[in-house]
Amino acid sequence: MSALTLFEKLWRAHEVVAETPETPAVLYIDLHLIHEVTSPQAFSMLRSRGIGVRRRERTFATMDHSTPTDRAQLFGAVPIRMESAAHQIHELERNCADFQVELLGLKHARRGIVHIIGPELGLTQPGKTIVCGDSHTSTHGAFGALAFGIGTTEVGHVLATQCLLQRKPKTLGVEVEGPLPAGVTAKDLVLAIIHTLGVGGGTGHVLEYLGPTIRALSMDERMTVCNMSIEAGAKAGLIAPDETTYEFLQGRERAPSGAALERALESWRQLPTDAGARFDRTLSIDASRLAPMITYGTNPGMSVAVTGTVPVRLDDRVHTKALEYMGLTAGQPILGQPIEYAFLGSCTNGRLSDLRAAAGLLKGRKVARGVTFLVVPGSQEIKREAEAEGLDRVFIEAGADWRESGCSMCLGMNGDLVTKGAYCVSTSNRNFEGRQGVGARTLLASPITATASAIAGRIADPRELMN
Amino acid sequence: MEPIRTIRSRTVVMARTNIDTDQIMPARFLRTTTREGLGQHLFADWRYDALGNPIADFVLNTPEAAGCQVLVAGHNFACGSSREHAPWGLYDYGFRAVISTEIADIFRSNSLKNGLLPIIVDEATHAALIAAPGTEVTIDLERSTLDIPGVGAVAFVIEAFARYCLLNGVDETGYLLAQSRAIDAYEQRAFA
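Protein sequence lines, in the order shown, are assigned to chains A and B. If you count the first sequence from 1, you need to add 104 to reach my numbering. If you count the second sequence from 1, you need to add 308 to reach my numbering.
With the rest of the complex left out, here is chain A (with noise of 0.2 angstroms):
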């Protein structure tokens, strides 16, 4: 039998029909992840068919982009006040209920961002293919999961049929060698691989991630890469498994265990890449090379070491109009900017090991006045972690403020919103013109960096507060 890549082998066993010159193929999706934002749509069309949704089992909602990270309006103290926000949530609670799918609603202990609550329930596991209406499923392909995003006539495929129209993406193979210096994080690592392939370059691909850097990472680590290879433009992207993500899944509440899971591991050990297995396209980066990145401009492969300078390209128009409303200039240090917000938290770096590495920064020191750093912990569980383990403390007693989870100012769909014209270092994955509220300048950057930059007031390369 010829060698094969991951994806291949994901793709091949998911085929319920392959694909012909005309028909696209249908593949088979084990795990639907619904959210409030992209699913309303998708029961509405359920309902005009008057038919139901295929496998319940297979699909599991949750609340996270427009829920309220302030205790009060969670809990019902007060009322949600954004009325919008309060309609969306309760739709998705009567969809739920009216097709009887399972839903870690507003007020349940282990809700929190979609993509990291799959994971933290052991919902997400190697060889599945899981799809949400959201850009960041990606996310789950740190588990060797086929993962991706889908709109939400898709939603309603999925939900109908638990299937999708699917043309086989190409593959790229991107091998990372070299240790990652200290301060050099796994975000570091993706926005210069996002950099390096421009934000359309994964277009049409599914990136493998490789090498013994990225065999070296936390499964928190490989998440926060893999979460961003739609930042790329990419289908999805995947790491394969191994002992680290068996060891991650090990005792999760809804992972396999005992026979089960015997059975399971020895399906698992058959999915990485063979050796010889081609990629359509490969890329090398060496991680040893790399500093804390900070992005500049308005789109995330628009990024500099946060020791560099603002790139000069004179005849480039984009980049013009991206500085023009970033308020920065070509050729400006970055470091030393400014800033009125930090965001800490996302789908992209909102676990327990981002809170710990954030709070050991910030331990015995203060956010500098006149900064807002927002810490919301990706889902209720991690804020509980967090909060026996003291970070909260940590986090309050120098002047953060401390969250409920949910997606909050990555793209501020509940209200916690960026001023206009204000600068905010985000661990977040887009600094899109408006993400963060109208006007608003993101500058895209890790915890630390991002945590550092807080303390000081304005963009800091975070080795400075490491010894």
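It is possible that part of the hints are untrue.
Claimed, not checked - Here chain A is said to cover these stretches of chain B; the calculated rule only asks that three of the stretch's residues, wherever they fall, bring their Cβ under 8 angstroms from a Cβ of chain A:
#1 324–332
#2 341–352
#3 379–392
#4 412–421
None of these hints come from the bench; they were simulated from the model. As the structure is a computational prediction, the values presented were derived from the model and not from experiment. Heads up, the beta-carbon is just placed ideally off N, CA and C, and yes, glycines get one too.
Given the coordinates of chain A, work out where chain B should sit on it, guided by the hints.
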């Protein structure tokens, strides 16, 4: 869905590269639970000032843009979020086709399910279109050609099944539902 055969329209040009779906439909408009009426919010932050007044020099606010059904956009159009509210908004506004050198995967898939044609052309054709806003083009879906006066008929590739569905008004959900026997058989095989 209504079958689509030809689209004949003047073009609107937005030359910027990497126009993302957050620009096409800002997140604050995603709190809706229907798909209607999103055209009014299309490109909201480029189209209106803080008071909600139209910004005169934004292309969609110019008299020439009125009634145009074809948007010519810079490289890598509609990257970012998977929000189907982006093609819903473009369609509701009146667009029936988007032309670029590259169009992001999820948006392309979403567009095809909503009667909005994502058309990818080569650099030279794109440059000619960008240089001449208001050109009256004809898109013939059956022949998969884009006819540009002075340039001629340029062939484009559109995924065969989506093209079939658009030409014949076939809905993909219905097609998938009709695969139920194959899906049953897969489930028996895979989860035995």
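For each hint, the structure was consulted:
no.: 1; hint: 324–332; in the structure: holds (count 6)
no.: 2; hint: 341–352; in the structure: holds (count 3)
no.: 3; hint: 379–392; in the structure: holds (count 9)
no.: 4; hint: 412–421; in the structure: holds (count 6)
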